Amino acid sequence: GESVGLHLPTLSVQEGDNSIINCAYSNSASDYFIWYKQESGKGPQFIIDIRSNMDKRQGQRVTVLLNKTVKHLSLQIAATQPGDSAVYFCAENRDTGNQFYFGTGTSLTVIP
Amino acid sequence: GAGVSQTPSNKVTEKGKYVELRCDPISGHTALYWYRQSLGQGPEFLIYFQGTGAADDSGLPNDRFFAVRPEGSVSTLKIQRTERGDSAVYLCASSSDSGGTDTQYFGPGTRLTVL
Numbered sequence: 017g018e019s020v021g022l023h024l025p026t027l028s029v030q031e032g033d034n035s036i037i038n039c040a041y042s043n044s045a046s047d048y049f050i051w052y053k054q055e056s057g058k059g060p061q062f063i064i065d066i067r068s069n070m071d072k073r074q075g076q077r078v079t080v081l082l083n084k085t086v087k088h089l090s091l092q093i094a095a096t097q098p099g100d101s102a103v104y105f106c107a108e109n110r111d112t113g114n115q116f117y118f119g120t121g122t123s124l125t126v127i128p
Numbered sequence: 004g005a006g007v008s009q010t011p012s013n014k015v016t017e018k019g020k021y022v023e024l025r026c027d028p029i030s031g032h033t034a035l036y037w038y039r040q041s042l043g044q045g046p047e048f049l050i051y052f053q054g055t056g057a058a059d060d061s062g063l064p065n066d067r068f069f070a071v072r073p074e075g076s077v078s079t080l081k082i083q084r085t086e087r088g089d090s091a092v093y094l095c096a097s098s099s100d101s102g103g104t105d106t107q108y109f110g111p112g113t114r115l116t117v118l
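As they're listed, the protein sequences go chains X and Y.
To convert, count from 1 in the first sequence and add 16; that's our numbering.
To convert, count from 1 in the second sequence and add 3; that's our numbering.
The following block holds chain Y by itself, in its conformation from the complex (with noise of 0.2 Å):
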């Protein structure tokens, strides 16, 4: 069956513009969950949704980051005003259930570069 699918794959922006990331997790999935990984790092928690809503976004790291999931399926990451710090691979989970002991599944990611 088809995986958790994020595009685009890479994107590359110019400093201060505005991206959208787009992650479709595997259909069914409630739980789905946005990380940031840097070169050499683990992935980093970014938000948790349960359905539409936000459960937990205390990981992302200021408000040029923002997240939706207005059907509680596809969901968009996307940054404001993008900063060269902000190059990294974001990498989209979905899971069946919530609860933090269900397995996630993560997707490609999708590698942006700011320059």
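One chain only, chain X, in its complex shape (with noise of 0.2 Å):
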């Protein structure tokens, strides 16, 4: 889910399970959007990205699917391992050049 202010949301989920992390996104004319990993202390890393003319993609043990009815964005991590622990971004890119638009955020975390 979303959040305001300084209060990720989080997930801590066990080891070999899969993760399911949500995004609402607020601009109808967002037609291309990515999933960022970040680690702390390091800048956000590329996972895995979708258009807005699919409503699902697939990569190693990550699928993304886009609901564009309702705006909705989720990244599922399948057999979640400890690696994994990080706090990951959604960004829409809203057809007005270049910006990213980025969301608060949530910390998912592993426990072994």
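It is worth saying that the hints were derived from the structure and are not from the lab.
Don't take each hint at face value.
To be verified - Computed cross-link-like contacts, PhoX-like style, restricted to lysine-lysine with a CA-CA straight-line distance of at most 25 Å:
id, chain 1, residue 1, chain 2, residue 2
1, X, Lys72, X, Lys84
2, Y, Lys81, Y, Lys20
3, Y, Lys18, Y, Lys81
4, Y, Lys14, X, Lys58
5, X, Lys72, X, Lys87
6, X, Lys84, Y, Lys14
To be verified - To give an idea of the interface, some chain Y residues facing chain X are shown, with a C-beta separation under 10 Å as derived from the structure:
id, residue
7, Thr10
8, Val15
9, Tyr36
10, Tyr38
11, Gly45
If you're wondering where the values come from, they're calculated on a predicted model, not measured in any experiment.
For every residue, glycine included, the Cβ atom is placed at its ideal position computed from N, Cα and C.
Two chains, two frames, some hints: make the complex.
Below is the structure:
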């Protein structure tokens, strides 16, 4: 889910379980979306992207789902591993050029 | 290969001082972006360069912020008369082309603290 201010949504999962991280976006004109992973002290790292003419895209252990009707994006991580612990951001491109708008982020903790 | 690098990794300065933050993009990447990330928030767009020119500087918060990329490679973000509210991590990203849909590769950021 989303939150306002300094309180990151958090998600804790057991190692080996699947994780689902959600993101709501605001602009129906957004046509390109990216999920980033950010570990402490590092810059965001690209995970997977999806364009608005698709509703699902799969990568290695990750799947992104896009529901344009309700302006919702989700990231599914299969068989979550301790190395997946990080903050995950969705970013949208609003077709206004090269600006990407990032969500607040979700902090994922994987319990060994 | 080398990724995006940023220097310094940490910068502590006093209110009112001038600072420069440097970004070395991935070699050959024509597009370069600066973002600012406050604690607990996602990155916030500041400025985008295509080559040497600032194609979009609409994210710069005020005229104390300025960025250059004179040779189309290294970029410097300059902040004048720093304020405590400028404290944040400043991220740089580069991509191989413009158009907004090319993967942006981020550097580790510079953590700026204004006392």
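These are the hints, each one checked on the structure:
Taking the CA atoms of X:Lys72 and X:Lys84, the gap is about 11 Å. The hint holds against a cut of 25 Å. Distance check on the hinted pair: Y:Lys81 and Y:Lys20 sit about 11 Å apart at the alpha-carbon level, within 25 Å; holds. With a CA separation close to 14 Å, the supplied pair Y:Lys18 and Y:Lys81 stays within the 25 Å bound. Between the alpha carbons of Y:Lys14 and X:Lys58 the distance comes to roughly 16 Å, so the proposed pair stays at or under 25 Å and holds.
Under the criterion of a C-alpha separation no larger than 25 Å, the hint pairing X:Lys72 with X:Lys87 is consistent with the structure, at around 14 Å. The hinted pair formed by X:Lys84 and Y:Lys14 fails the criterion: a straight-line CA distance of about 42 Å is larger than 25 Å. A cut of 10 Å between beta carbons decides the hint on Y:Thr10: the least distance to chain X is about 14 Å, and the hint is violated. For the restraint placing Y:Val15 at the interface with chain X, the shortest Cβ-Cβ distance is roughly 16 Å, beyond the 10 Å limit, so the hint is violated.
Residue-level restraint check for Y:Tyr36 holds (minimum Cβ-Cβ distance to chain X is 7 Å; threshold 10 Å). Given the 10 Å rule on beta carbons, the hint for Y:Tyr38 holds: about 8 Å separates it from the nearest Cβ of chain X. With a cut of 10 Å, the hint placing Y:Gly45 at the interface with chain X holds, because the nearest CB-to-CB distance is about 3 Å.
Checked against the numbered hints given earlier, the structure breaks hints 6, 7, 8 and satisfies all the rest.
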